[in-house]
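S.K.: Sequence:
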Amino acid sequence: MTYPNRTVTLILVLLIASIFFETYESRVHKSIKRNELIENFKRLFAPTSEKSFTTWFGNVITPQYIFRPNSLDDLKDIVKNAKINGKKIRCAGRGHSWTSLSNTKDYLVIVNNLSNVTEVTKTDTYGWTITALAGTQIKTMEQALLKNNPPLAFKTMPAPDFFSASGIIAVAAHGGVTAAPSASDLVVKLQMVSGDGELQEFSNEKDPVEFNAAKLNLGEF
1 MTYPNRTVTL ILVLLIASIF FETYESRVHK SIKRNELIEN FKRLFAPTSE KSFTTWFGNV
61 ITPQYIFRPN SLDDLKDIVK NAKINGKKIR CAGRGHSWTS LSNTKDYLVI VNNLSNVTEV
121 TKTDTYGWTI TALAGTQIKT MEQALLKNNP PLAFKTMPAP DFFSASGIIA VAAHGGVTAA
181 PSASDLVVKL QMVSGDGELQ EFSNEKDPVE FNAAKLNLGE F
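UniProt numbering applies: residue 1 is where the sequence shown begins, and numbers increase by one.
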């Protein structure tokens, strides 16, 4: 009769050990998951230490947080965070607009670090095109066009070459010739992070009304 008792005891011990290891493994797993969530949150919500932003004209903006994203993923995370917390977002470049388009008490996103010319290419539909990130300065785009074979130039551009691409498009900045189109009229396609944090593409072929609104958005998009 002792053998069955030993067998039962052994089984009980194994069961207890199994429960212990499963519980321990579960705790470790939860701890790892918690650390991952913390790191993701840090990446998701990484404002600068800046308390205010001063424009070229001297206007001082004091948002709750100022962000300077370095990548598309950074920008998506900021937008998603704003949605979760019910915050509005305004954007700024180098602060050369005389208007109050960047004024906000919520989140201010400064796009200067999103600067790069990604492509200069000839298309069947539009001819020569240049693709650049939001914070790319005019002079950077002009240098890329001049280095191209053949060398190229914009039809029109504002005289100061330190304005950013997204800024001159959003306010329909003009050049020095009255007959020339505005900067927003030169755009044939654009991508924008929407309110849900996803990348959306706008073009005249997709929806001309939405495309025109996205181009000359005056900070509303």
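I should point out that these hints are in silico values taken from the structure, not numbers from a laboratory.
Worth double-checking, as some hints may not be accurate.
[What the hints assert, rightly or not] Keeping only pairs whose Cα atoms sit at most 16 Å apart, straight-line, the calculated EDC-like set for lysine to aspartate or glutamate is:
(1) Lys80 - Glu50
(2) Lys51 - Glu119
(3) Lys80 - Asp161
(4) Lys83 - Asp161
(5) Lys105 - Asp185
(6) Lys80 - Glu198
(7) Lys87 - Asp106
[To be verified] Taking CB as the label site, the calculated pair distances span:
(8) Lys88 - Pro150: 21 to 27 Å
(9) Gly86 - Glu119: 22 to 28 Å
(10) Asn85 - Gly58: 26 to 32 Å
(11) Pro47 - Ser194: 32 to 38 Å
(12) Asn148 - Ala46: 15 to 21 Å
(13) Thr121 - Phe57: 19 to 25 Å
(14) Gly176 - Thr99: 19 to 25 Å
(15) Thr129 - Asn85: 19 to 25 Å
(16) Asn112 - Leu218: 31 to 37 Å
(17) Asp185 - Ser49: 19 to 25 Å
(18) Asn85 - Pro150: 47 to 53 Å
Ideal placement from N, C-alpha and C gives every residue a C-beta, glycine not left out.
S.K.: Run the structure past the numbered hints and jot down the numbers of the failing ones, going up.
M.R.: 1, 2, 3, 4, 5, 8, 9, 11, 12, 13, 15, 16 and 17
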